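2 protein chains.
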Amino acid sequence: MNAEIIAVGTELLMGQIANTNAQYLSSRLADLGINVYYHSVVGDNPGRLKVCLEQALERSDIVITTGGLGPTKDDLTKETIAEALELPLVIHQESLDYIRCFFEKQHRRMYNNNVKQAYLPSGCKVIPNHNGTAPGCIVQKGGKTVVMLPGPPKEMIPMFEDTVFPYFEGKTHYIIGSRVVKVFGIGESEMEMRIMDLVEQQTNPTIAPYAGAGEISLRVTAKCHTRDEVEALIAPVVERIRERLGSHVYSDTGETLEEVVLRLLSERRWTLSTAESCTGGMLASRLIDVPGASRVFDRGLVTYSNAAKVQELGVSQKTLDAWGAVSRETAKEMVEKLVERTKTTAGLAITGIAGPDGGTPEKPVGLVYVAASLNGRIESLQLNLRGNRQRVRTVSCLHALDLLRKMLLGT
Amino acid sequence: MNAEIIAVGTELLMGQIANTNAQYLSSRLADLGINVYYHSVVGDNPGRLKVCLEQALERSDIVITTGGLGPTKDDLTKETIAEALELPLVIHQESLDYIRCFFEKQHRRMYNNNVKQAYLPSGCKVIPNHNGTAPGCIVQKGGKTVVMLPGPPKEMIPMFEDTVFPYFEGKTHYIIGSRVVKVFGIGESEMEMRIMDLVEQQTNPTIAPYAGAGEISLRVTAKCHTRDEVEALIAPVVERIRERLGSHVYSDTGETLEEVVLRLLSERRWTLSTAESCTGGMLASRLIDVPGASRVFDRGLVTYSNAAKVQELGVSQKTLDAWGAVSRETAKEMVEKLVERTKTTAGLAITGIAGPDGGTPEKPVGLVYVAASLNGRIESLQLNLRGNRQRVRTVSCLHALDLLRKMLLGT
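Protein chains in written order, with numbering that gives the first Met the number 0: chain A, 0 to 410; chain B, 0 to 410.
Simulated from the structure, these hints should not be mistaken for laboratory data.
A hint or two may mislead.
[What the hints assert, rightly or not] Heads up, simulated EDC-like pairs for lysine to aspartate or glutamate below, C-alpha to C-alpha not over 20 Å straight-line:
| hint | chain 1 | residue 1 | chain 2 | residue 2 |
| --- | --- | --- | --- | --- |
| 1 | A | K115 | A | E93 |
| 2 | B | K222 | B | E168 |
| 3 | B | K342 | B | E266 |
| 4 | B | K140 | B | D60 |
| 5 | B | K115 | A | D196 |
| 6 | B | K104 | A | D356 |
| 7 | B | K72 | A | D196 |
| 8 | B | K104 | A | E361 |
| 9 | B | K104 | A | E189 |
| 10 | B | K115 | A | E187 |
| 11 | B | K72 | A | E187 |
| 12 | B | K72 | A | E191 |
| 13 | B | K153 | A | E214 |
| 14 | A | K362 | B | E103 |
| 15 | B | K72 | A | E189 |
| 16 | B | K115 | A | E191 |
| 17 | A | K49 | B | E53 |
[Claimed, not checked] Beyond 12 Å from chain A on every Cβ pair, some chain B residues (computed):
| hint | residue |
| --- | --- |
| 18 | L75 |
| 19 | E78 |
| 20 | V89 |
| 21 | K140 |
| 22 | E168 |
| 23 | G169 |
| 24 | M190 |
| 25 | L197 |
| 26 | G213 |
| 27 | T225 |
| 28 | R243 |
| 29 | R267 |
| 30 | W322 |
| 31 | G323 |
| 32 | Q381 |
[As the list claims (entries may be wrong)] Residues from chain B that keep clear of chain A, each with C-beta distances beyond 10 Å, as calculated:
| hint | residue |
| --- | --- |
| 33 | G32 |
| 34 | E214 |
| 35 | V248 |
| 36 | L408 |
Only a predicted model underlies this, so the values are computations on that prediction, with no experimental measurement involved.
Positions of the beta carbon are idealized from the N, C-alpha and C atoms, including for glycine.
All chains, full assembly: derive it from the sequences and hints.
Below, the structure is given as structure tokens:
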């Protein structure tokens, strides 16, 4: 079965909001094993909606619409679909009673145009809306299924979860599962060279690469009849990816780098502190963004000025004078003094030039030093990063986390 | 002129990311006075992309694609479009040199598949990409314009702003200018009540509200024949918005809250330090994300554990025992000890419960205390925030910055 999603709403075409409904629905349809081949967005315009809808009904088994179920005269999704499917709209008494009740409870006056919301295509399955006035519906005709949902996510999501998901779960004879393999420290092109044949050969599971800032995700997705069969298909493919990419793979369960590092430390009941210059708290912030980080993360120092490096961390003025704030020596001394001070098992320090200013021919923008300490052992890295300030900072954090991860794994 | 946007990428159809590119482009095309009638999303599948593209070329004057310009064999946007328009792909030497240089600078090996990125449709206008390897292009044929942009927003947005926006600006015979008024500390509904009549009455300039995490932006856009005329139309409308929203308006030039605070401090040659618990470095990181922050920002302490609050900041154990780590008293003592220690003119402290765990009936998730110090004067706020961990942390940072902003302005 394949599906497509049509969002109706001029506010999407004006760029006032992003189509997060399509993202949500796609990810849940993937869980159901239903392939989504198209998203479209069309304005509150019955002519253009009709064209989209007719095309969708021709090429897809399932069409899900969001938006255009409101009370105003612009809201024409239901009317247009009913016309295209040649189904009359009939009053649904239960929905009308619910809408009346909804207004009474809120001490608001119900207008005549709200009655329009209780008209639904004849023979449809009604999707109750407990967070708004517009009911949705599921219509089946000529082997096609059309699902109409309202636009506001806080109405749409519960309606999908309570009624639409169970409806399709009963119809698909497949279970779909996926695992996300996360990769760091290798370019997109190089990664592809190493695993291209796997990506090409695989049909079930499939392997879909996605590149973010400095990281790559590989989603391995299989379709089968039981959860166990799905897992049995995925596991050997993940194993082969691991063989090809080695320690560049930092997770095969979709964890972030900070989650992996915190988990490895937490399992050993070890603790972590950070000292940051150019990343300015971003590393601490990423770590603390993980729920439960407090078991591991003790404290972070953002020593942006040289004075702060001396006063807060105890880096010697001599080191700063001899090598400069952005140097391997300073990074190492930062982490050394940090763990001395905090008594944590592990420490991470970052110092560099994030730009756009502050670069020199000898120390250009993007030059960053990272140092990690684990049980008294210190390792460091020199990075030459490209991109804007935000990217230099983000990728520096990832390198710091990855360095500590490798030390924790003894690789 | 009307346009449509086609996003290419299986990751969109799998629900891994939302189509924020379409939102961005739509809002900027609206600024240009170009109507957007359709968005579509299609996977990395040349057959389906071709169908979408042919339909788009039939019904729209301008087709903008995002995604599918990468080096991998899945990336087929350019090839498919060139075929549909019957244009050969030819090597663009300048782009090839740039890509080579890009890899050299990063000390990374360039693979053969990267060469593919330098092939562009014959006769196109090349859009340089300063943040990645994939150049974009603008192709004109048979009265239609096709614009190809890469998928990552950090590449796509600068390319659109530097090349595509001016390109269309030259064709529309109008000059379009806009100013973004930034608002904090007021709900979306309340803001709408206060300025709804302005939004409705205005046609040139138009006022487009957009709500982000805790902040609201109002984009005031005017269309005229000269820059001066545009500015003359915008200025009085901005003035009226300021009258209605008072000190909730923190910028009418699109500055972020942290930029405003750093500018106000920098103008006075004052300095700032931070002490964070639940926000864990996010506040420092936002500040340091602003280029030139080093003139103002001295240091930040992420005192996540109670021990760190005592040892790093000098908060008294008595205060922690009597009031708890999440209390107004602790927040105030954090900022007091912070500025004592760092000798900065200003200080900000945040302590709270970001969730999902750690809440109690007396101190629920979302309870946050913020304290600011300026020249020895301390002010504090109690916040009761809603939403997930990320939102609680983000909104806490905004409140802290806004508190200091108001103190700096003496309001």
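Hint check results:
{"no.": "1", "hint": "A:K115 with A:E93", "result": "13 Å, holds"}
{"no.": "2", "hint": "B:K222 with B:E168", "result": "11 Å, holds"}
{"no.": "3", "hint": "B:K342 with B:E266", "result": "18 Å, holds"}
{"no.": "4", "hint": "B:K140 with B:D60", "result": "10 Å, holds"}
{"no.": "5", "hint": "B:K115 with A:D196", "result": "19 Å, holds"}
{"no.": "6", "hint": "B:K104 with A:D356", "result": "18 Å, holds"}
{"no.": "7", "hint": "B:K72 with A:D196", "result": "11 Å, holds"}
{"no.": "8", "hint": "B:K104 with A:E361", "result": "14 Å, holds"}
{"no.": "9", "hint": "B:K104 with A:E189", "result": "16 Å, holds"}
{"no.": "10", "hint": "B:K115 with A:E187", "result": "14 Å, holds"}
{"no.": "11", "hint": "B:K72 with A:E187", "result": "12 Å, holds"}
{"no.": "12", "hint": "B:K72 with A:E191", "result": "9 Å, holds"}
{"no.": "13", "hint": "B:K153 with A:E214", "result": "15 Å, holds"}
{"no.": "14", "hint": "A:K362 with B:E103", "result": "17 Å, holds"}
{"no.": "15", "hint": "B:K72 with A:E189", "result": "13 Å, holds"}
{"no.": "16", "hint": "B:K115 with A:E191", "result": "14 Å, holds"}
{"no.": "17", "hint": "A:K49 with B:E53", "result": "19 Å, holds"}
{"no.": "18", "hint": "L75", "result": "14 Å, holds"}
{"no.": "19", "hint": "E78", "result": "17 Å, holds"}
{"no.": "20", "hint": "V89", "result": "22 Å, holds"}
{"no.": "21", "hint": "K140", "result": "24 Å, holds"}
{"no.": "22", "hint": "E168", "result": "17 Å, holds"}
{"no.": "23", "hint": "G169", "result": "22 Å, holds"}
{"no.": "24", "hint": "M190", "result": "14 Å, holds"}
{"no.": "25", "hint": "L197", "result": "17 Å, holds"}
{"no.": "26", "hint": "G213", "result": "16 Å, holds"}
{"no.": "27", "hint": "T225", "result": "26 Å, holds"}
{"no.": "28", "hint": "R243", "result": "20 Å, holds"}
{"no.": "29", "hint": "R267", "result": "18 Å, holds"}
{"no.": "30", "hint": "W322", "result": "19 Å, holds"}
{"no.": "31", "hint": "G323", "result": "15 Å, holds"}
{"no.": "32", "hint": "Q381", "result": "21 Å, holds"}
{"no.": "33", "hint": "G32", "result": "12 Å, holds"}
{"no.": "34", "hint": "E214", "result": "15 Å, holds"}
{"no.": "35", "hint": "V248", "result": "20 Å, holds"}
{"no.": "36", "hint": "L408", "result": "25 Å, holds"}
Of the numbered hints stated above, none is contradicted by the structure.
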